[in-house]
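Asks: Could you put together the complete structure from these sequences and hints?
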Amino acid sequence: MEYYTLDGLEYWKYYIMLLYYRFGEMPPIIRIIALFTTACIITFLLLVLGNFIKSQKAARRIHRIQVYDEKYKKKIIELATMEEILDLPTITDELGIPKNFRMKNRTTGCMIPILITVQRTHKEEINRTNWQRVLQAFKIPSYFEMMMRSRNTAKRVKALKNIADMDADLKEAVASRHLFAKDEKMRMNARFHVARFGTSYPFKALEEDSNLLFTDEMMVNFHNILVYRNQNNMSMPNFIRWCNRTPVNEELRIFAVNEIRLFKRYDDCPELLSMLKDCRDERFAIALIKALGELEYIPAESEFRHRYAMASFAERQALADALGVMNSGNPEVVNYLIYDYEGSTDFVSKMKALRVLHNYGRRGRDAYNKLKAEATPATKILFEHIECNLLDSSKYA
Amino acid sequence: MPDSFQTFFNYAVIVYSGLLITSYLSMIIAAYRQHKRHNTYHYEKNMIAQLRTSPYTPGVSIVAPAYNEEKTIIDNVNSLLSLDYPDYEVVIVNDGSKDDTLKLLIENFQLVEVPYAYVEKIKTKPVKRIYKTSSDNPIFKRLTVVDKENGGTKADASNAGVNIVSNKYFVCTDVDCIIDKYALYRVVWPTMTGTRKVIAVSASMRMSNGCDVRNGQMVQPRPPHSLIPLFQDLEYARSYLVGKQALSSINAMQNVSGGFGFFDTEIVIKAGGYDGDSFAEDMDMVARMIRYMCDSGEDYRIVQIPEICCWTEGPNTVKVLARQRTRWGRGLLQFFIVHRDMVFNRTYRQYGIVTLPYILIFEMLAPVIEFTGYFSLLYLIVTSGVNYKTVWITFFALYCFAQMLTMTIISFDIYTGNGFKKRSKYLWFMLASLLEPFLYHPLNVFYALRGYVKHIFGAQMVWGNMTRKGFQPTPGAAPAGAADAGESAAEGPEIVTMPDEGPEETEEN
Numbered sequence: 001m002e003y004y005t006l007d008g009l010e011y012w013k014y015y016i017m018l019l020y021y022r023f024g025e026m027p028p029i030i031r032i033i034a035l036f037t038t039a040c041i042i043t044f045l046l047l048v049l050g051n052f053i054k055s056q057k058a059a060r061r062i063h064r065i066q067v068y069d070e071k072y073k074k075k076i077i078e079l080a081t082m083e084e085i086l087d088l089p090t091i092t093d094e095l096g097i098p099k100n101f102r103m104k105n106r107t108t109g110c111m112i113p114i115l116i117t118v119q120r121t122h123k124e125e126i127n128r129t130n131w132q133r134v135l136q137a138f139k140i141p142s143y144f145e146m147m148m149r150s151r152n153t154a155k156r157v158k159a160l161k162n163i164a165d166m167d168a169d170l171k172e173a174v175a176s177r178h179l180f181a182k183d184e185k186m187r188m189n190a191r192f193h194v195a196r197f198g199t200s201y202p203f204k205a206l207e208e209d210s211n212l213l214f215t216d217e218m219m220v221n222f223h224n225i226l227v228y229r230n231q232n233n234m235s236m237p238n239f240i241r242w243c244n245r246t247p248v249n250e251e252l253r254i255f256a257v258n259e260i261r262l263f264k265r266y267d268d269c270p271e272l273l274s275m276l277k278d279c280r281d282e283r284f285a286i287a288l289i290k291a292l293g294e295l296e297y298i299p300a301e302s303e304f305r306h307r308y309a310m311a312s313f314a315e316r317q318a319l320a321d322a323l324g325v326m327n328s329g330n331p332e333v334v335n336y337l338i339y340d341y342e343g344s345t346d347f348v349s350k351m352k353a354l355r356v357l358h359n360y361g362r363r364g365r366d367a368y369n370k371l372k373a374e375a376t377p378a379t380k381i382l383f384e385h386i387e388c389n390l391l392d393s394s395k396y397a
Numbered sequence: 001m002p003d004s005f006q007t008f009f010n011y012a013v014i015v016y017s018g019l020l021i022t023s024y025l026s027m028i029i030a031a032y033r034q035h036k037r038h039n040t041y042h043y044e045k046n047m048i049a050q051l052r053t054s055p056y057t058p059g060v061s062i063v064a065p066a067y068n069e070e071k072t073i074i075d076n077v078n079s080l081l082s083l084d085y086p087d088y089e090v091v092i093v094n095d096g097s098k099d100d101t102l103k104l105l106i107e108n109f110q111l112v113e114v115p116y117a118y119v120e121k122i123k124t125k126p127v128k129r130i131y132k133t134s135s136d137n138p139i140f141k142r143l144t145v146v147d148k149e150n151g152g153t154k155a156d157a158s159n160a161g162v163n164i165v166s167n168k169y170f171v172c173t174d175v176d177c178i179i180d181k182y183a184l185y186r187v188v189w190p191t192m193t194g195t196r197k198v199i200a201v202s203a204s205m206r207m208s209n210g211c212d213v214r215n216g217q218m219v220q221p222r223p224p225h226s227l228i229p230l231f232q233d234l235e236y237a238r239s240y241l242v243g244k245q246a247l248s249s250i251n252a253m254q255n256v257s258g259g260f261g262f263f264d265t266e267i268v269i270k271a272g273g274y275d276g277d278s279f280a281e282d283m284d285m286v287a288r289m290i291r292y293m294c295d296s297g298e299d300y301r302i303v304q305i306p307e308i309c310c311w312t313e314g315p316n317t318v319k320v321l322a323r324q325r326t327r328w329g330r331g332l333l334q335f336f337i338v339h340r341d342m343v344f345n346r347t348y349r350q351y352g353i354v355t356l357p358y359i360l361i362f363e364m365l366a367p368v369i370e371f372t373g374y375f376s377l378l379y380l381i382v383t384s385g386v387n388y389k390t391v392w393i394t395f396f397a398l399y400c401f402a403q404m405l406t407m408t409i410i411s412f413d414i415y416t417g418n419g420f421k422k423r424s425k426y427l428w429f430m431l432a433s434l435l436e437p438f439l440y441h442p443l444n445v446f447y448a449l450r451g452y453v454k455h456i457f458g459a460q461m462v463w464g465n466m467t468r469k470g471f472q473p474t475p476g477a478a479p480a481g482a483a484d485a486g487e488s489a490a491e492g493p494e495i496v497t498m499p500d501e502g503p504e505e506t507e508e509n
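Chains as they are written, first to last, in this note's numbering: chain A, 1 to 397; chain B, 1 to 509.
Source of the hints: derived by calculation from the structure; they are not laboratory data. None of these values were measured; they are calculated from a predicted model. One should not assume that every hint holds.
Far from chain B by the CB rule (all over 12 Å, computed), these chain A residues [unchecked claim]: (1) E10; (2) M17; (3) Q56; (4) R120.
Quick list of in silico lysine to aspartate or glutamate cross-link-like pairs, DMTMM-like style, CA-CA up to 20 Å [unchecked claim]: (5) B:K36 <-> A:E184; (6) B:K168 <-> A:E282; (7) B:K128 <-> A:E384; (8) A:K350 <-> B:E120; (9) A:K395 <-> B:E266; (10) A:K395 <-> B:E120; (11) B:K45 <-> A:E282; (12) B:K168 <-> A:E315.
Facing chain A, from chain B, some residues (calculated, C-beta under 7 Å) [as the list claims (entries may be wrong)]: (13) T40; (14) Y41; (15) S54; (16) Q110; (17) V114; (18) P115; (19) S166; (20) P190; (21) M192; (22) N387; (23) V391; (24) T394; (25) L398; (26) C400; (27) M404.
All residues carry an ideal CB built from backbone N, CA and C; glycine is no exception.
Replies: Next up, the structure:
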């Protein structure tokens, strides 16, 4: 018998053929199971390999970040928090970055977490001009511009988030073409970027998007952006125009009223009051009542009392709260609060009226004491609750 | 056993297994898509920075019932008080503890009884007293302790807590759980990112057995080194990273765990709160919330987030596991009896059409089918009707599938950033996965069946009373100081290791 050795491709051909013929002899169910088992084993091995590679990559990246952290972080903090304004060549020299040095993308990617940490931890002390020059020294703006040209939406979104996190003053143009992008996350982040750094028409997208879905996440972000703009003396939007926006977007209108309250725009109060008079939407009315109350716009008091008869449960509570914040000492308000207390059937509303009366000057306190003297055994606990200084009755619900 | 029945059973099992494997594979794909989207667009540090200073961040209350928890109560309350969130309160409900739980709370947090105008929005056993701190420590001011008569169930105590929460949202947890410092930001965020109303958020949970804890915060998560908690840890990872994540992607979540669940207070109260008679009160609560939303024609979302927000002590002995799984088995059967009208009911949207039928067929019926399979195999062995070659090939295929599933979970865990710092720790998961089909799974099948039988024959309801082991100091670490509890919550150096032996459970009617 003649034997010969198979090698290389011949060996594998023979092996596969052998498997194929033995496999073909098996019943169909066994064939399916065998294929399934093979697929499971291959997937298992691929996952093990993938996890190993990922872990190695992550470890290398952490190591690189640590190296850069030790090399640059102290110097960056020192330069960024310096009161004296330094020019770019000085900062580049101080950081020890050679002239015409071009960082690899991987290197810049590792610098980003370090820069974000510095920005977060030393936010208050940072000299903004020096900070921008530090970023320029590391070629961060051009890195982000390159990221923004990427076809990958996730990369672009990440770049915009990082720009905001490290306060990298990039031109609004890098994001303005994505203001009406198809991808929701891209669109939203581009709007945040333009709103934060824009100079010409930063809130354009908010005002022009007729299908705008204004979420709480957007409220949080836009409020922080407005705080940022206010701190850096950048132009602020006209909130009243947002309130009167057509087509009507209730969420945006409520947000605008809240911002008037938070930024203490006292001049807008007459306009808010006229809106309240025509308002039929409960949530918008509550926002208006809260704003007028916190801005202590006394002419709104009579409208508040006028609304009481038709007001919903939540609106009545907002009215009581607003009158309490105004604390004008008006005897009519005291009568109104007594009426509110006596007319309410639930503990929450009664508690709210009593709390306002308790803190409403001498007249309010007198009325409170009178009601206390008339309290039934069931309502006595409300008075005790309000008088207990360990309990925060404003949070009672 | 007639041959025709045997043939029918064989084919039925093949179809059933095929469908089950297909459902697992679909869930893996759906979960992967969810994880990928989350990883791509979720920037946790940015989110925390935004929420920390915003006036729009909603307040959250934490409700934690406590029953005979004197060993761990102070550490656990300190842990709850040291979370990072701008506006939250902690409500501890002492459910008529027979030990010194309440006394310790009063002493450590300088509590005094207050005249709280308590309104019973959900019916519970009577509340005896409500306590607040008299200390000037601003951290303690967040704490409210409710002392009530023992209601016999966690549900009753949780309802008493819900009655006094003052925030729009609340987290229901167990007092022995270790909650991640940033957990509240994570669970609040999904309520802010969409236009649909989020009524509940579920976060991933893991076993705390064997982990390092400092000042009530998790420092070094580690897999448990004893078998039963290790199996349970793997089971939790599988459930949270694949099952719940996949169901969340189609808004068909079946359950928000009682260990750590985030809820809309108003909807919970409108749905009637937790049902004290239910053995699966968390699952029942979610069903009633969905029922309320669908019946009133409102749109809703229930979200699963992949981040680990809570670590809980798992049972260590077979005895405790037996009681826990029997109760779960009873709970599942009871749940389907109570909510049978929701199954295959289009009114309840994905929950009625996808979730409940899936749980009914692949979770509730699985132990019955599996047990019949064991019985059938035994019969065939006795009658020499077994084709051993086919048996081994089939078994090997399923075994390989289970290992592949475990490796997928490990990959998801690493991908989501939840993973153990040392990758070698995953060898424990792989070990558990190798042993699970022989040791843990048959036990679970048996206990689930026992639960069904007990429920069918109306055996008396018995609740286990968990006796916690408490934190034990790491050898060489500084001993627990006698310092003021508030200070220790803020910045103590002590590291303690959660005992590998979990809680002991004693029977109590």
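Asks: Any hints this thing doesn't respect? Which numbers, in order?
Replies: Hints 3, 4, 11, 16, 20, 22, 23, 25 contradicted; others consistent.
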